[in-house]
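Colleague: Can you make the complete structure from the sequences, with help from the hints?
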Amino acid sequence: SAVISQKPSRDICQRGTSLTIQCQVDSQVTMMFWYRQQPGQSLTLIATANQGSEATYESGFVIDKFPISRPNLTFSTLTVSNMSPEDSSIYLCSVEEGGANTGELFFGEGSRLTVL
Amino acid sequence: AQSVAQPEDQVNVAEGNPLTVKCTYSVSGNPYLFWYVQYPNRGLQFLLKYITGDNLVKGSYGFEAEFNKSQTSFHLKKPSALVSDSALYFCAVRDRMDSSYKLIFGSGTRLLVRP
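Chains A and B supply the protein sequences, listed in that same order.
Per the numbering used here, numbering of the first sequence is gapless, rising by one per residue and ending at 113.
Per the numbering used here, numbering of the second sequence is gapless, rising by one per residue and ending at 121.
What the hints contain is simulated information worked out from the structure, not anything from laboratory work.
Beta carbons are placed, not taken as given, at the ideal position from N, Cα and C, and that holds for glycine.
Some clues are possibly wrong.
[Claimed, not checked] Between beta-carbon pairs, the in silico distance windows are:
hint	chain 1	residue 1	chain 2	residue 2	range
1	B	Lys108	A	Leu70	36 to 46 Å
2	B	Ser76	A	Thr76	40 to 50 Å
3	B	Arg102	A	Ser24	18 to 28 Å
4	B	Lys75	A	Gly13	22 to 32 Å
5	B	Ser113	A	Arg7	17 to 27 Å
[Stated by the list, open to error] Below are the EDC-like pairs computed for lysine to aspartate or glutamate, each with C-alpha atoms no more than 16 Å apart in a straight line:
hint	chain 1	residue 1	chain 2	residue 2
6	B	Lys55	A	Glu94
7	B	Lys108	A	Glu83
8	A	Lys62	A	Glu51
9	B	Lys108	A	Glu106
[Claimed, not checked] Partial list, computed: chain A residues near chain B (C-beta under 7 Å):
hint	residue
10	Ser39
11	Leu89
12	Glu101
13	Phe104
Modeller: Structure below.
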């Protein structure tokens, strides 16, 4: 299975600032997914990031707030812009293995953000 | 629209007893179904999946799940619970007809296995 590394693992941020989360995978993958897990909640898909194209955002998430880069097949970044306390969450990077649409997702350890 | 329901916020069971964590789903077409586990301060780990074929699926750590199409359920089971099974469990579904590959997660069920 893919090994996924996320940085930072946790951070405390000030309101109004922006933070970029990095996701590194040890193998080449076509699709990478960014999820948010708010405190005590389930996972919500933010966007799907394909290499060489614009990310596809889910309803309720916009590129200005969550810009995503996908420069190659092993790396992606998610930026949380102009943060507010409501952005305090765990942000998870994931990739799929086992075949398109049938494969399971593998997750990084997550980046726990606290916004003051 | 796809959705997943996990009706129990928490399940308590004694070590050695069988456990069941419930999941029901709703999709337009046929589903791909998954179970994940999350230990404290960790990312999610894949447990098992149903794609096609045998309705009883076996996965990691002795867990299994049964796909029931008529009841639109995919309950997670284990014959004998361990204290180390205590964690947060998520059911997830993908619609075979959805080309976005989006995985929808349930709200999660906290499993507490007491010694």
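Colleague: So, against the hints stated earlier in the document, which numbers end up violated here?
Modeller: The structure breaks hints 1, 4, 7 and 9; every other hint is satisfied.
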